[in-house]
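Enquirer: Sequences and hints are given; from them, build the entire structure.
There are 2 protein chains.
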Amino acid sequence: MRLSRYFLPVLKETPAEAQIASHRLMLRAGMIKQQQAGIYSWLPLGYKVLKRIEQIVHEEQIRAGHIPLLMPTLQPADLWRESGRYDAYGPEMLRIKDRHDRDMLYGPTNEEMITDIFRSHVESYKQLPLTLYHIQWKFRDEVRPRFGVMRGREFLMKDGYNFDLTKEDALHAYNRHMVSYLRTYERMGLTAIPMRADSGPIGGDDTHEFLVLAETGESEVFYDAKVPELKLGDRQVDYDNREEVAGICEEFTTLYARTDETHDEALFNEIPEERRQVGRGIEVGQIFYFGTKYSEPMGATVNTPDQGKVPVHMGSHGIGVSRLVGALIEANHDEKGIIWPEGVTPFHVGIVNLKQGDVSCDSACEALYRAFAEHGLEPLYDDREERAGAKFATMDLIGLPWRITVGPRGIAANKVELTCRRTGESEEMSAEAAVEKVAAIYAAL
Amino acid sequence: MRLSRYFLPVLKETPAEAQIASHRLMLRAGMIKQQQAGIYSWLPLGYKVLKRIEQIVHEEQIRAGHIPLLMPTLQPADLWRESGRYDAYGPEMLRIKDRHDRDMLYGPTNEEMITDIFRSHVESYKQLPLTLYHIQWKFRDEVRPRFGVMRGREFLMKDGYNFDLTKEDALHAYNRHMVSYLRTYERMGLTAIPMRADSGPIGGDDTHEFLVLAETGESEVFYDAKVPELKLGDRQVDYDNREEVAGICEEFTTLYARTDETHDEALFNEIPEERRQVGRGIEVGQIFYFGTKYSEPMGATVNTPDQGKVPVHMGSHGIGVSRLVGALIEANHDEKGIIWPEGVTPFHVGIVNLKQGDVSCDSACEALYRAFAEHGLEPLYDDREERAGAKFATMDLIGLPWRITVGPRGIAANKVELTCRRTGESEEMSAEAAVEKVAAIYAAL
Chain V
1 MRLSRYFLPV
11 LKETPAEAQI
21 ASHRLMLRAG
31 MIKQQQAGIY
41 SWLPLGYKVL
51 KRIEQIVHEE
61 QIRAGHIPLL
71 MPTLQPADLW
81 RESGRYDAYG
91 PEMLRIKDRH
101 DRDMLYGPTN
111 EEMITDIFRS
121 HVESYKQLPL
131 TLYHIQWKFR
141 DEVRPRFGVM
151 RGREFLMKDG
161 YNFDLTKEDA
171 LHAYNRHMVS
181 YLRTYERMGL
191 TAIPMRADSG
201 PIGGDDTHEF
211 LVLAETGESE
221 VFYDAKVPEL
231 KLGDRQVDYD
241 NREEVAGICE
251 EFTTLYARTD
261 ETHDEALFNE
271 IPEERRQVGR
281 GIEVGQIFYF
291 GTKYSEPMGA
301 TVNTPDQGKV
311 PVHMGSHGIG
321 VSRLVGALIE
331 ANHDEKGIIW
341 PEGVTPFHVG
351 IVNLKQGDVS
361 CDSACEALYR
371 AFAEHGLEPL
381 YDDREERAGA
391 KFATMDLIGL
401 PWRITVGPRG
411 IAANKVELTC
421 RRTGESEEMS
431 AEAAVEKVAA
441 IYAAL
Chain Y
1 MRLSRYFLPV
11 LKETPAEAQI
21 ASHRLMLRAG
31 MIKQQQAGIY
41 SWLPLGYKVL
51 KRIEQIVHEE
61 QIRAGHIPLL
71 MPTLQPADLW
81 RESGRYDAYG
91 PEMLRIKDRH
101 DRDMLYGPTN
111 EEMITDIFRS
121 HVESYKQLPL
131 TLYHIQWKFR
141 DEVRPRFGVM
151 RGREFLMKDG
161 YNFDLTKEDA
171 LHAYNRHMVS
181 YLRTYERMGL
191 TAIPMRADSG
201 PIGGDDTHEF
211 LVLAETGESE
221 VFYDAKVPEL
231 KLGDRQVDYD
241 NREEVAGICE
251 EFTTLYARTD
261 ETHDEALFNE
271 IPEERRQVGR
281 GIEVGQIFYF
291 GTKYSEPMGA
301 TVNTPDQGKV
311 PVHMGSHGIG
321 VSRLVGALIE
331 ANHDEKGIIW
341 PEGVTPFHVG
351 IVNLKQGDVS
361 CDSACEALYR
371 AFAEHGLEPL
381 YDDREERAGA
391 KFATMDLIGL
401 PWRITVGPRG
411 IAANKVELTC
421 RRTGESEEMS
431 AEAAVEKVAA
441 IYAAL
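If you're matching them up, the sequences are chains V and Y in order. Mapping to full-length UniProt numbering: the first sequence position 226 is 226, numbers consecutive. Mapping to full-length UniProt numbering: the second sequence position 255 is 255, numbers consecutive.
This list has only true hints and no planted wrong ones.
Every beta carbon over 12 Å from chain V, so not counted as near; a handful from chain Y, in silico: (1) Ala88; (2) Leu171; (3) Asp198; (4) Gly233; (5) Glu250; (6) Glu270; (7) Pro341; (8) Ser360; (9) Tyr369; (10) Ala390; (11) Ala393; (12) Asp396; (13) Asn414; (14) Ser426.
Using C-beta positions, here's what the derived DEER-type ranges look like: (15) Asp264(Y) with Thr14(V): 56 to 62 Å; (16) Lys437(Y) with Gly65(V): 28 to 34 Å; (17) Glu59(Y) with Thr262(V): 42 to 48 Å.
Calculated from the structure, these hints are not laboratory results. Note that beta-carbon positions come from the ideal geometry of N, C-alpha and C, so glycine has one too.
Expert: Encoded structure:
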C-alpha cells in the first residue's frame, strides 16, 4: 500500500479522553474512531490488525477440529426465556422490540442459540463429539464503557461450544480448547497465562481465564515466575490424543497462577519467595465446562448406545478478538508508539523514501515494493512529500516491526537501512539483502 | 474435511415454508437455520459459501484501489438526524434505546457514519480521491421477510462510499465500481447485468442495479439478447485509466437492459425483434452517484487548490453478500440440488467411498484426500458407513462441482470415477489423473 493513497488519519495530539496506552495509541495511529460510548469504527489500519487476529483464531480452531459457523447478532427473547437467563441477565443485555413488538436482544453470548441449533439437528451419540464456534459481534451495555476497545459495548468475540456424550469427553474438549488457545496467543506474540477462575454468570464447574500481563490490567494476578516462561513452541499436537493434550494442560496449569478471585495465600506462599510474582493482567479468553446446565432445560439430548436418552455435556470457550487488539498494544509499546509482533502486524514492513521525487530513491523504493509483494508480503510505502522526521514518527507510531529507509547517499552506495522497531537497531545492507532478511523472518513464523 | 466429523444436517423432507428453490435447497443442504423471521444462522456449509463470496468481493474492491474498514452495526440516532433520515426512514429502521435511554439504531446502510468519519479526518483536496468500504451486517425490519436469505432482516452487505473533489472525479469512481462489480460477479460464475435504475430512498442522480437473470426474480427485466453474452473475461484493467474504465462501462451499458422501473417501450422496440428478451431478475448490487446530498448537510468539505472550501461529491455502492448465496442457487440448481460454480463452492471436490472399511478403498480415498490438500484444495470426503445411493444424493444436494467415486472394482484396475455435477458426465481415470484434472480446473480460475 502506498501511503499517499491510503487512509491513515494519525493524530498529532494525544486525545484527552484516553486513559490507557492502547486507547491513546489506537486513536493516535488512526486505528479506530469512537462513534458513541463504547462503539467504534475500525479504520483501515485497525481493521487490518483485527482481521489478522481473527485469521489466527480461525486457523487454530480449525486445527483443533472445531467447526466454524455464524449465528446472527440479534436473538429472539424466547430462547433466553427457556434457559431462564432473559430475566436474570440484567441491564447489560440490550433488549430490542421489532416492528411487530416482538422481544429480541443483541446477543451478549450464544449458549442458548447454539443449544437450539444442536437440539434441532443432532439426535444420536454417533454424531458426537462436536464443537461449533463462530466469530461474531456481541453487545453488552456496560454502564461505563472505557479503555477504548478493551471494554467496549459492541465487541468481536470468538465463542465456541462443545457437545459431548460424557463428562470425560467434555473435559477433553476443555483441554483441547486450552491447548488451541495457548497456540493462538503464542502466534500473536503474546504470553497469555491460563489461571483458574470463578465461573461468574455463565456458570460452570471448571473454568480458566487467560491473562496477558500488563500494568493496566483490570485483575490482580499472582503467579510463579516460571509460568510466563512456559512455551508451546513449534511442537506438533495431535488434538485427538487425550493423554497428550491433557499432558500439555498439566504442564501449563500445575505451577501457581491465579487471579485475585481465586487467589489462595497459603498456596502462593509455598512458592520459593524469589519466584513469587504479583502483577496485573488483562483477560483475553476464558474456557468453561458447565455440564448439562443448558442442555437439560433446553432438551438437547442424544440417544445413547444402550437406547437411553441423555442431555449432552457442554462447555463454552471465548476469545476476545477486538479486546486482543488493545491487549496486544498494552503489552507491546513504548513512548514513540506501538510495536507490533510480526504475527499480527497490519503491514509487514515500512518503506521510507527520504527524498521523494529523486529518481534513484523513487525507483529503489518501487523495486523494494515489488520485491516484497513477490514474497507475499505487504509493505506500507511512505511515498508522501514529507520531512524525514515526520515519516519516521509516523512509522514509529503505527509500529510496523521492520522499516527500510531509502536515501540518496545510501542508494549511491547500493545500501538501504533496515531498522527493527522493537530494538531500534539499524543495519546497512543492499536492498536485496534487506528483502531476504525480512522475508526470512516472516517465513519462519 | 471428513464428513463423519463435520456438521452437515441435511434434511430429507422439503420444508413447507420455503417457496423458492434457493430457500428450499439451503434448508435441505443444511446451510442455514432460521432463528426468527428473516434472521438466520449460517450453518457450516452455508458459512463457507458466504466467506468465499466475501473474499471475492474484498479482492476485487482492493484491486480497484478501494480501502476496507469496518463500521459498527449500531449507530447513534443523532447522526441520522443530521441528514434528516432518522424521521424519514420509516418502520424498516430498527430503533433501539440503550440503558441510558439514548436513541440508537441498527444500521440499514452507512452514508451518515462514513460521512462523519470523512469530515472528522479529511480536510484537503490532496487527500482525495478516496473510496472506503466495509462488509458488515445490516438490519432492515421488513414487514414480511421471505425467500430465506434473499429478503432477510439481518443481512450481510458490502457498502462502499467514494469521496471526490468534482462530479467528474466522482463519476470515474462510479465507473470504477461498475467494472469492479462486473468482475466480482463473473468470478462467482454469475451473469449480473447492469441496468439503469430508479434512485429510491437513498437519492441520486445516476444509478445502476446489477441483476441476475432467474425465474424467481422480484423484478421484471427487459433486455437485448446480446447483453448476457458480454464478458470481461481475463482482460487486465487499469482502474486509474479513466478512458479505459469508461469504455468498459459503455460496452456494458449501451445495449438495452432495464428493469420495469425504468423500462421504455419505444426504446425496447428498436431492438431487432428476435433479440428482445423479457424475463425476471434478482438484484444483487447497486451503484449510486448522489453528489453532495450528504456532504452538504453534514459539512463534509475539503479545502480546494484555490483556497476555497467545497462539499465533496459522493456515491454509495452496494453488493448484497448474503443475498448472493440465494441468487447463486437460483441461477445454479437442478431437481437434485445445488450446482456450485467453482469460484464459490464450499468444498472444491467430493470424495465418495463406495465401500467404507475396505482397505484398498479407504487407503485410496485417504491418498486422494492428501493429494488435494497438497494442491491447496479442500475436499469433502464422505467417509460415513452409508449406502452409495445416500452418499450420491448428499453430494448432488450440496452441489460440489466435482465428485470422485472410489469403489473396489475400480481400485483393482487403478481407476476412479470423476463426475461433473453440472453435466452429470462421468469419466474413469487413475486417481492421479483425477487429481491433476481437478487441480487444473481450479488453477485456471
